[in-house]
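J.: The listed protein sequences correspond, in order, to chains Y, L and Z. So the first sequence is residues 35 to 240, counted in the working numbering. So the second sequence is residues 7 to 192, counted in the working numbering. So the third sequence is residues 428 to 865, counted in the working numbering.
These are calculated hints, taken from the structure and not from any lab test. Any given hint could be a false lead.
[To be verified] For lysine to any residue, the following SDA-like pairs were computed, each having C-alpha atoms within a straight-line distance of at most 25 Å:
1. Lys-191/L x Pro-534/Z
2. Lys-200/Y x Ser-531/Z
3. Lys-191/L x Gly-130/Y
4. Lys-101/L x Leu-148/L
5. Lys-92/Y x Lys-429/Z
6. Lys-101/L x Ala-96/Y
7. Lys-429/Z x Ile-90/Y
8. Lys-75/L x Asn-455/Z
9. Lys-75/L x Glu-532/Z
10. Lys-200/Y x Glu-532/Z
11. Lys-101/L x His-432/Z
12. Lys-191/L x Val-131/Y
[Stated by the list, open to error] Far from chain Y by the CB rule (all over 10 Å, computed), these chain L residues:
13. Thr-18
14. Glu-134
15. Leu-156
16. Asp-162
17. Leu-190
Since we're looking at a predicted model, the values are computed, not measured. Glycine included, every Cβ here is placed at the ideal spot set by N, Cα and C.
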Amino acid sequence: MKKTKTSYLLRGTPSILLVLGAGFVMASSEDLREALGMGAAVLISMLLSSIVVSAIHKIIPAYAKIPAYVMIITGFVTLISMLMKAFFPEVANMLGVHLAALSVSAVVYRDCEEVADHSGEGTAIKTALVTGVFFTVIMVVCALIREVLGNASIWGQPIAFLQDYKISALAGAFGGYVVLAIVMAVINKITGLHHHLDENEEKEGN
Amino acid sequence: MTPEIILGIILTSILSGNYALIECLGTGAVIENERSTKRSLALGAGTTLVMLLATLITWPINKFVLGEKLEYLQIIAFVAVVLVISEAMHLVARKLLDNYCHSHFVKFAVNGAVLGLCIHNTEHGFLEAIITAAAVGVGFTLTMTLYGKLKDLTVDEDAIPASFRGLPIALLTAGMIALALLALKF
Amino acid sequence: MKIRHFLITTAILLVIMVVFGAAAFGLNFITGPMIEANNAGAELAPLLAVMPEGASFGGDALIYSSADPSASTLVNVPANVLSVYKEANGLGFAIRCTAESSYSESPMEITIGIDAEGKICGIQLDSYSDSVDFRDNDANYLTSYIGKDSALADVGTVSGATYSSTAFKSAVEGAMGVLIENDLIAAGVKSDAQILAEMIPSLHTGLTSGGMLKAEAVAASGNIVEGYKALNGSGYAFIVKNGEASYLAMVNASGACKVYDTTGADVTEANVAVAEEALAATEAVDFSEATAKMISAKFADASEITPMELTTFGNVVYACSFKTGESTYYAFYSRPLTYGDNVMEICTVIDENGAIVDQNVKQMAFGEHGIEYMPGIKDLMDASGSVYGEYLDRFNGITEGTLSDDVLVSGATISSTAVKLATSDAFAAFNSIKGGEQ
Chain Y
35 MKKTKTSYLL RGTPSILLVL GAGFVMASSE DLREALGMGA AVLISMLLSS
85 IVVSAIHKII PAYAKIPAYV MIITGFVTLI SMLMKAFFPE VANMLGVHLA
135 ALSVSAVVYR DCEEVADHSG EGTAIKTALV TGVFFTVIMV VCALIREVLG
185 NASIWGQPIA FLQDYKISAL AGAFGGYVVL AIVMAVINKI TGLHHHLDEN
235 EEKEGN
Chain L
7 MTPEIILGII LTSILSGNYA LIECLGTGAV IENERSTKRS LALGAGTTLV
57 MLLATLITWP INKFVLGEKL EYLQIIAFVA VVLVISEAMH LVARKLLDNY
107 CHSHFVKFAV NGAVLGLCIH NTEHGFLEAI ITAAAVGVGF TLTMTLYGKL
157 KDLTVDEDAI PASFRGLPIA LLTAGMIALA LLALKF
Chain Z
428 MKIRHFLITT AILLVIMVVF GAAAFGLNFI TGPMIEANNA GAELAPLLAV
478 MPEGASFGGD ALIYSSADPS ASTLVNVPAN VLSVYKEANG LGFAIRCTAE
528 SSYSESPMEI TIGIDAEGKI CGIQLDSYSD SVDFRDNDAN YLTSYIGKDS
578 ALADVGTVSG ATYSSTAFKS AVEGAMGVLI ENDLIAAGVK SDAQILAEMI
628 PSLHTGLTSG GMLKAEAVAA SGNIVEGYKA LNGSGYAFIV KNGEASYLAM
678 VNASGACKVY DTTGADVTEA NVAVAEEALA ATEAVDFSEA TAKMISAKFA
728 DASEITPMEL TTFGNVVYAC SFKTGESTYY AFYSRPLTYG DNVMEICTVI
778 DENGAIVDQN VKQMAFGEHG IEYMPGIKDL MDASGSVYGE YLDRFNGITE
828 GTLSDDVLVS GATISSTAVK LATSDAFAAF NSIKGGEQ
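Start from the sequences and build out the full structure, keeping to the hints where you can.
T.: Next comes the structure, spelled out in structure tokens:
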């Protein structure tokens, strides 16, 4: 199946991509700082691994592609997590194991496999940016809702008048699902992209 | 290690500490699952085996090779181990696994739950880590199977507002299960 | 063929791993020390918060850690002290410790800064999960510690959160005690009034609840500097000045008075004037009717109810002997404090040999809603809702020597501990009366 460059750019309807990334989106949208940190990590790891993959995909035999790409992504995530622990220890602490789990995230992997593997660096960079920014925005929106309403704080600073009206369930695991679901529904409404899982879509977890 | 502790680990891993639903590790693999019960169970068993083998190898690596000095290599070393294990399993039972998976088994098996488990397990003793791995695997399998089954049951798409169809309703459903499991947290 | 693929794949993975491993190794020269500094910084953040600006805790600031007590030169460190740090420029010490009360879901974590002169320069709660937050009840409570030496003069407890604030206070005292014990700071000097006030709980259980002073303050007058009136009618405690010296005067429900000096010695005989002044400030309460009612509830044919003077200081507010048939019994009516400072009424009837014949708790008076909080006690009630049949039967035949924790009820610890305390007070009163007769 031959795909055009445009289709790579727009291929990820939010819903399909988000299924794959739902785990880390929910895990890292409790707090605004956390969301931005994860967003940056997603963006950078996607960008760098796409570039590397599009540069070397010809020399990797087909049967070794999956593990090799995952390994490349992991390499970048390792470096990112070292930098984050050094420069943003608080954020790294909040993200914890989820930062590491990003290395086996299907979102990043798909990006490498489908885009970088088949097209040039230019498209790969664009797609990585678009997807990365998309995830960052989703996480920031979710985090805003969850941090302000669930924890009555913003950027870690308590909001005085909301202290007595915390909806603490929003800050927990359940809140992650509900808020993401609502945000997605709103996006669906706005874009009119009603989600139907494409029968032919490859699916894998993150 | 008393029987109570073992039971505690097992119950926590399956219920209130469920990786896919509560810890948000490997969530994607669960909520996109539309496989039949039989396939879900088989795939879950495969993943559980990967978890067990991975813990069996990564725990000593972390303890005796990496230690505190080389901690920064933890992620890359663990992912490499998990990749090699799932590649090896793929080698042994390729047809079977790919068939159950609808796709490449390695893509499925190398997920956040497996890696997260290996990292969490470095904080436990060896025996505890192995039990946790098995229990998390069982929890993962059950959740995935349950979720696949649930999708069969929700048939009336018209009852769902258009914008909520697809992922949003899938997330809400997962959230409900998560809420029920959270109620078991002490 | 497939095995070859597997091996090649593994080789490729190895190559990628080596490449990134090398990159990570290189990067670690930059990030490694930073991460280490970050980890150390996170540990020190609460310490810096309680010390004056410019404090630093580099190098070997950690002079004690509960993780490895044997590596420290400090001795006699209580288990709740987690770590002791010595500030590098001689500004003082910082101590991290925990405290736990019966209302703590998990122990509170406290960081205390103590300057070189042994005064508290900063104090903060790093984690707190008690059911009542004493900072809500008294916003200035933590601030009241600032500038105090180990005597903690004028630092009280927070009403409505007595257990939590008492646990907090004693943790602070314990932490400062470590420095004093190891000659790192000088002990603060307690005022005479403070020393005397601290003696009250051990001398008069009627003015306590859960081992802590629980009484209504009485206004100072004349030589009386401080006064405490029991919430249950069991007497008074006064701190009285006589010339240069201060004394503690205790009054029980029968109007007996004892005077103690700051060393805890009984100096009543030498200080009759002090005792008289204390007695003049008290009001007698008559508990004879209440006692008679409780006796007749169980001993319908009780006769010759003869009041007896109490010489002990406790929860017993009235004592008498009575006869039924051929036997003589002694009844001790006590009013210990229970949950929420409510008064419980207990009548302990003891025979000539010192064994309990009957224990009657007329009213487990823990407030209208108290029962809901105490499922343990609820189980002990019979259908009528006020008689605690099985529970009270546990006391029958018990003597002073056999009174044990068996009479405690889990889930109703505070109430049943109060009943036990009242029972032991009754035995004490019985012994002193019997001793007086012989």
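J.: State the violated hints by number, sorted upward, taking the hints as numbered earlier in the document.
T.: As far as the earlier hints go, only 9 is violated by this structure.
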